[in-house]
Amino acid sequence: MRFQIEQRSQPSAAMRFAAPVVATALTLIAGSIMFAFLGHDPVATLVAFFISPLSTMNDISEWLLKASPLILIGCGLAIGFRANVWNIGAEGQLVIGAIAATGVGLFFPFQESVLLLPLMILAGMVAGMAWAAIPAFLRARLNTNEILVTLMLTYVATFVLSYLVHGPWRDPDGFNYPQTALLPEAAMFAPFDYAYRVNTSIFITVAAVIAMWVFTERSFLGYKMSVGGAAPLAARYAGFKESSSVWMGLLIGGATAGIAGMAEASGPLGQLSPQISPGYGFAAIIVAFIGRLHAFGIVLGGLLLSLLYIGGEAVQIDLDLPSSLTRIFQGMLLFFLLAADFLIFYRLRLLRSVH
Amino acid sequence: MKPRLELRNICKRYPGVVANDGISLEVMPGEIHAVLGENGAGKSTLMKIIYGATHADEGEILCDGELIGTHGPSVSRSLGIEMVYQHFALFESVSVAENIALSVNSKYDIATLSNQVSRVSEKYGLPLDPRRLVHHLSVGERQRVEIVRCLMQDPKLLILDEPTSVLTPQAVEKLFVTLRHLASEGCSILYISHKLDEVQALCDMATVLRNGKVTGTAEPKNSTSAELARMMVGADIPETHLDPSTISAEPLLSVSKLSAPALDVFGTDLKEIDLDVHGGEVVGIAGVAGNGQAELVSLLSGERVLPSSHAVKLCGQPSAHLSAADRRRMGLAFVPEERLGRGAVPSHDLGDNAVLTGHRLNMVTRGLLDRRTARGFAGKVIDRFNVKANGPLTVAQSLSGGNLQKYIVGREIELKPQVLLVAQPTWGVDVGAAAFIRQTLIDLSRSGVAVLIISEELDELFEICDRLHVICAGRLSAALKRGEASVEEVGLLMTGLGENNNGSGDHAISN
Chain A
1 MRFQIEQRSQ
11 PSAAMRFAAP
21 VVATALTLIA
31 GSIMFAFLGH
41 DPVATLVAFF
51 ISPLSTMNDI
61 SEWLLKASPL
71 ILIGCGLAIG
81 FRANVWNIGA
91 EGQLVIGAIA
101 ATGVGLFFPF
111 QESVLLLPLM
121 ILAGMVAGMA
131 WAAIPAFLRA
141 RLNTNEILVT
151 LMLTYVATFV
161 LSYLVHGPWR
171 DPDGFNYPQT
181 ALLPEAAMFA
191 PFDYAYRVNT
201 SIFITVAAVI
211 AMWVFTERSF
221 LGYKMSVGGA
231 APLAARYAGF
241 KESSSVWMGL
251 LIGGATAGIA
261 GMAEASGPLG
271 QLSPQISPGY
281 GFAAIIVAFI
291 GRLHAFGIVL
301 GGLLLSLLYI
311 GGEAVQIDLD
321 LPSSLTRIFQ
331 GMLLFFLLAA
341 DFLIFYRLRL
351 LRSVH
Chain B
1001 MKPRLELRNI
1011 CKRYPGVVAN
1021 DGISLEVMPG
1031 EIHAVLGENG
1041 AGKSTLMKII
1051 YGATHADEGE
1061 ILCDGELIGT
1071 HGPSVSRSLG
1081 IEMVYQHFAL
1091 FESVSVAENI
1101 ALSVNSKYDI
1111 ATLSNQVSRV
1121 SEKYGLPLDP
1131 RRLVHHLSVG
1141 ERQRVEIVRC
1151 LMQDPKLLIL
1161 DEPTSVLTPQ
1171 AVEKLFVTLR
1181 HLASEGCSIL
1191 YISHKLDEVQ
1201 ALCDMATVLR
1211 NGKVTGTAEP
1221 KNSTSAELAR
1231 MMVGADIPET
1241 HLDPSTISAE
1251 PLLSVSKLSA
1261 PALDVFGTDL
1271 KEIDLDVHGG
1281 EVVGIAGVAG
1291 NGQAELVSLL
1301 SGERVLPSSH
1311 AVKLCGQPSA
1321 HLSAADRRRM
1331 GLAFVPEERL
1341 GRGAVPSHDL
1351 GDNAVLTGHR
1361 LNMVTRGLLD
1371 RRTARGFAGK
1381 VIDRFNVKAN
1391 GPLTVAQSLS
1401 GGNLQKYIVG
1411 REIELKPQVL
1421 LVAQPTWGVD
1431 VGAAAFIRQT
1441 LIDLSRSGVA
1451 VLIISEELDE
1461 LFEICDRLHV
1471 ICAGRLSAAL
1481 KRGEASVEEV
1491 GLLMTGLGEN
1501 NNGSGDHAIS
1511 N
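Protein chains in written order, with our numbering: chain A, 1 to 355; chain B, 1001 to 1511.
A portion of the hints provided could be inaccurate.
In silico SDA-like cross-links for lysine to any residue, where the CA-CA straight-line distance does not exceed 20 Å [said to hold, decoys possible]: (1) B:LYS1174 - B:ASP1204; (2) A:LYS241 - B:VAL1364; (3) B:LYS1388 - B:GLY1234; (4) A:LYS241 - B:LYS1213; (5) A:LYS241 - B:ARG1342; (6) B:LYS1313 - B:ILE1247; (7) A:LYS241 - B:GLU1198; (8) A:LYS241 - B:LYS1048; (9) B:LYS1002 - B:VAL1094; (10) B:LYS1221 - B:VAL1172; (11) A:LYS241 - B:ARG1360; (12) B:LYS1221 - B:ILE1247; (13) B:LYS1195 - B:LYS1213; (14) B:LYS1156 - B:GLU1031; (15) A:LYS241 - B:HIS1321; (16) B:LYS1048 - A:PHE3; (17) B:LYS1048 - A:GLN4; (18) B:LYS1213 - B:GLY1432; (19) B:LYS1048 - A:GLU6; (20) A:LYS241 - B:GLU1031; (21) B:LYS1048 - A:LEU350; (22) A:LYS241 - B:ILE1247; (23) B:LYS1313 - B:VAL1364; (24) A:LYS241 - B:ARG1329; (25) A:LYS241 - B:GLU1060; (26) B:LYS1174 - B:ARG1119.
These are calculated hints, taken from the structure and not from any lab test.
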């Protein structure tokens, strides 16, 4: 008995929408079986994973707070991914963005100016773009591999951050902790309510989602980039420049990552420390793909991944589940999602021999 | 006598298409049997089923009266069935003998094997040096390697899939001599083709396929071309007609002393190419594939640019340094050989594929796509060129090769170019549509457009070109005028022999 993978001639439109639901259902079933075998009540575990983390206003605030940078960066990266430009180093661009923005926030002479926050946004964005410009230049001019260069620059960025917070930018009144002084009031995004941490920076994310939708679905520039990604020879045939796709893809990703880094410093953290990001730059890659590189898909992907992280922490604390178990569960969901996605376009066919 | 091969009711379905529908045929020992049909009629699928490279959904295959149970290429080879594919499967960087060694099952040493190769190739008139590296061989020689590789196994049935598509007319004659020799020794031959004259010259029997079904069997030597064509196409083929035309004073596309090194090891260097195409004429470039056509096309289209500008002039402007986008802006349109992935984006719908080259026709306003205009344009192309598709929202990769070809040719013609460059205009297109495309190209030229056609189909070039060049080993011959060029002359030029003869004055070719 042999199987063969073949393309479906007509992917079902209904299944495109049903696939995530099917994947979620399969995850719940497989997860329940796994939890039951390990001696945990499956229903209670799933409630603790998915329902309890969203039961209070504060929970919702934390959920959105974590989802926002994931979605913002996911949108930026997806534009590059659509053009086969593989920016794996959003984490580094995020760090550099946070550094530049914090630098402006700490050292700008007019510490109470209303311009301080916009200037920091600008600084974060420009720094993220500048960091991404290095691999863009190397790929466009010397045809180096941007996957390697962006990834390696992430480590460089992390060390720059480490140097600054341990050295010249360390807060003199900070009991020798590796962190900068707190940012002034004018350098912070206003929270909606001082009881919760979620703040006005989520409007930037909302704007980015809309901008990405227009760019990918409606703009000629986005069209040209998608041709470059889907069929490089057709792009060359039509006369679309590959190097401009490389530049656009990396710079947009760098810009969103830089702004996300800035928003962490000016939001929940209020200063620069080595823990500026819990890996948003890397997780955003998964978000972009769960969202099928589509603006609204990325919103759902970001919300889902954020919930998985929060829920994973919750079951560890509430039910004493080992962290590896929550990781397996997260992995299961991603597996089923991607498999369902694959099966929209392909199918398995049983091969029989002729008799 | 039992038939060497018998097929009973073979069926094979692919998603959305029935490739073979109840096909039965018999081949006797020593018989040369043609499987005749247009591109897409299901010939290649049927051959792969016979060879065991793919499996039928229904039906039986019998070899010498024995039912073949579990089928596969190794089963075929143990039964003495060998196949020469249309696209060769050779390793370019090793020698002829080493390539053949890969298909030998028993123990061997290269020296003995080389001797055997020489002996077999001499016996059947297929001269071949076993020590040469494959990437030095011409396409015709590569085909000889494939055939000799099959003959080494003493086949009882040899399958040849469109073997002459890469050969010059003279090489075709030589191949036929070999095949007749083989058949006289009792080897059966299945000969797949869509060329009527070849089938009539060579084959004892013919099975004709259309849309996956057998539409008739015939003895080709006792049938007329028209009878065979009707079985193949299902209708009479319209004839193209060339109106006289007025030719522009200055060429719209002019190439002078264009030389360029190949970009990869297996490419062809272009040497001092001179070519003029005036408004109002159709100029053709004939030649066996791989003689520099791909390199020339990419330099003319702007997919590859040169540092200096003068070797290519477009509408009088030096433009060898200009990008493909700039050249299109100046009035160039271009149909590439590869449809999927180069001429069209596979995953985009036809409307979006109209934007690829048609974006200047109001399909973009203020940086945003105007999809309604693009779909309108695509709809027009679909209607006018009779593309079988469910409207502009059909995804390009779901179209058959011929239909996509019609769409791309139609799109480029609808761009209203000054200069139209077309590689393989009717490749894979059914006969009726091919006639329509040819007529449209002629009519386009008669409206003042310069049309340059690069094709491997000599018949096609003779049918529609006002002037004809031949490309061989990166050199372009002088132009032959319509009515003055014979198939033999062009054939000699295709092998590079014409050039020497030309110098001695034996074959006067006027320009």
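Taking 20 Å as the top limit, are the C-alpha atoms of B:LYS1174 and B:ARG1119 close enough?
Distance ~18 Å between B:LYS1174 and B:ARG1119 Cα, so the pair holds.
For the pair supplied as a hint, B:LYS1048 and A:PHE3, is the alpha-carbon distance within the 20 Å limit?
holds, 19 Å
Below or equal to 20 Å on CA atoms is what counts here, so check A:LYS241 against B:ARG1342.
holds, 14 Å
Given the hinted pair A:LYS241 and B:LYS1048, is their Cα-Cα distance within 20 Å?
The given pair, whose Cα atoms are some 41 Å apart, is violated under the 20 Å limit.
Quick one, are B:LYS1156 and B:GLU1031 close enough, alpha carbons at most 20 Å?
holds, 11 Å
Decide if the proposed pair is consistent with the structure: B:LYS1195 and B:LYS1213, CA atoms, cutoff 20 Å inclusive.
Cα-Cα ~18 Å, so holds.
Taken at face value, is the distance from the CA of B:GLY1234 to the CA of B:LYS1388 at most 20 Å?
Satisfied, since the Cα-Cα distance of roughly 18 Å is no more than 20 Å.
Tell me if the straight-line CA distance from B:LYS1048 to A:LEU350 falls inside 20 Å.
Given that 20 Å is the threshold and the Cα spacing comes to 19 Å, the pair holds.
Keeping to a limit of 20 Å between CA atoms, is the pair of A:LYS241 and B:ILE1247 held or broken?
At roughly 35 Å apart (the allowed maximum being 20 Å), B:ILE1247 and A:LYS241 break the hint.
Does B:GLU1198 lie within 20 Å of A:LYS241 when you go C-alpha to C-alpha?
Outside the cut-off at roughly 46 Å; violated.
Given pair status - B:LYS1213, A:LYS241, alpha carbons within 20 Å:
Violated, at about 46 Å.
Does B:VAL1094 lie within 20 Å of B:LYS1002 when you go C-alpha to C-alpha?
Roughly 41 Å separates the two Cα atoms, so the pair is violated.
The structure is inconsistent with the numbered hints 4, 7, 8, 9, 12, 20, 22, 23 and 25, although it conforms to all the rest.
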